[in-house]
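S.K.: Using the sequences and the hints, build the whole thing.
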Amino acid sequence: MPELPEVETIKIGLQKKIKDKQIKDIIVNICKIIKKPSLEEFITKIKDKKIKGIDRRGKYIIIYLDSEDKLVVHLGMTGLLIYPYDNKITEKEINPKHNHLIFTFTDNTQLVFNDVRRFGKIFLVSNIDDVESIAKLGVEPLESYFTEEIFIQVLNKKKNCKIKSFLMKQEFITGLGNIYANEVLYRSNIHPLRIISSLNKKEVRNLHQQIKLVLVEAVKLRGSTVADEAYRDTDGEKGKFAEKLQVYAQKGEPCLKCGRSIEVVRIEGRSSFICPKCQKL
DNA sequence: AGCAGCTCCTGTACGC
DNA sequence: TGCGTACAGGAGCTGC
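Counting in full-length UniProt numbering, the first sequence runs from 1 upward without gaps.
These aren't lab readings, by the way, just hints derived from the structure by calculation. Note that this is a predicted model, so its numbers are computed, not measured. Honestly, I wouldn't trust all of these hints.
What the hints assert, rightly or not - Pairs of lysine to aspartate or glutamate, EDC-like flavour, derived with a Cα cap of 16 angstroms: (1) Lys-280 - Glu-203; (2) Lys-251 - Glu-263; (3) Lys-201 - Glu-149; (4) Lys-70 - Asp-48.
To be verified - Computed spacing ranges between beta-carbons, pair by pair: (5) Val-226 - Pro-96: 19 to 27 angstroms; (6) Lys-24 - Val-265: 44 to 52 angstroms; (7) Gly-53 - Met-77: 20 to 28 angstroms.
Don't be surprised by glycine CBs; every beta carbon is placed ideally from N, CA and C.
M.R.: See below:
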């Protein structure tokens with residue numbers, strides 16, 4: 001599922017592929033995906049506009065148009081933005097049945113928004129904070145300002161919270177989802193149910209470093225496509241970080257550190273993969 | 001405040 | 001074979 005590394009990969013792909021292109025037409029097959037404004041307004045405000053640039057905030061893609069408007073895309077669980085022209089190899093794996101939005105540019109190439117589970121959302125706003133969930137987002141863990149000191153400050157906002165819940169909440173640190181929260185905790189030897197105030201200095205330092213390390217490596221490998229999951233980059237290619245996952249989806253596999261079998265427990269409705277020996281409560 | 005449980009949605013896997 | 005059910009889970013929501 002798209003978390004920070006997957007969204008970052010798509011952002012970089014879009015920057016290479018659709019920057020400076022002019023939108024000629026939009027086909028909307030499922031209008032529920034468009035949350036703001038009305039469908040009519042959305043279409044008229046996008047038509048004939050040029051793509052000035054692409055950015056990312058948390059798990060949101062922000063596409064700047066040559067007007068005051070920005071196109072904001074959240075991929076939800078299974079959303080994809082595919083621009084298949086440089087590389088047609090894996091296009092066939094993507095079911096066109098779920099092509100909900102198709103942007104056609106003046107050069108007749110197309111950008112396709114495909115989303116099996118339809119949890120994705122698209123907004124057109126003049127100010128990105130008009131998307132309420134963006135206005136609430138926390139710190140960007142890959143920005144240079146995300147120092148250990150800042151991390152401690154953010155942790156202190158929620159001392160009584162369980163660490164995994166905290167990592168998953170976008171209002172504190174933005175970009176981590178279930179896969180990377182699991183990985184970061186395992187690599188830091190911290191049980192997901194540990195209360196923030198119980199973490200010692202070394203654990204906090206470790207966690208901060210692992211957040212950066214895991215995300216940087218995952219971005220390098222263009223994200224994670226676990227097993228037969230949906231995620232693809234803008235070329236339709238799978239991410240390669242799945243091979244580097246040490247704990248997520250590794251149930252029954254031996255822990256790389258101690259050999260104990262990786263277990264799965266449900267925490268707040270989500271699967272949490274842990275090594276019961278390395279991650280003690 | 002925080003968490004359980006539900007919602008959105010489809011595809012896949014599994015038990016009978 | 002086929003049907004019912006559980007699960008996957010980002011995020012917003014209700015209600016305890």
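S.K.: Hint by hint, note whether the structure agrees.
M.R.: Taking the hints in turn, this is what the structure says about them:
no.	hint	result
1	Lys-280 - Glu-203	holds (12 angstroms)
2	Lys-251 - Glu-263	holds (5 angstroms)
3	Lys-201 - Glu-149	holds (11 angstroms)
4	Lys-70 - Asp-48	holds (14 angstroms)
5	Val-226 - Pro-96: 19 to 27 angstroms	holds (23 angstroms)
6	Lys-24 - Val-265: 44 to 52 angstroms	holds (51 angstroms)
7	Gly-53 - Met-77: 20 to 28 angstroms	holds (26 angstroms)
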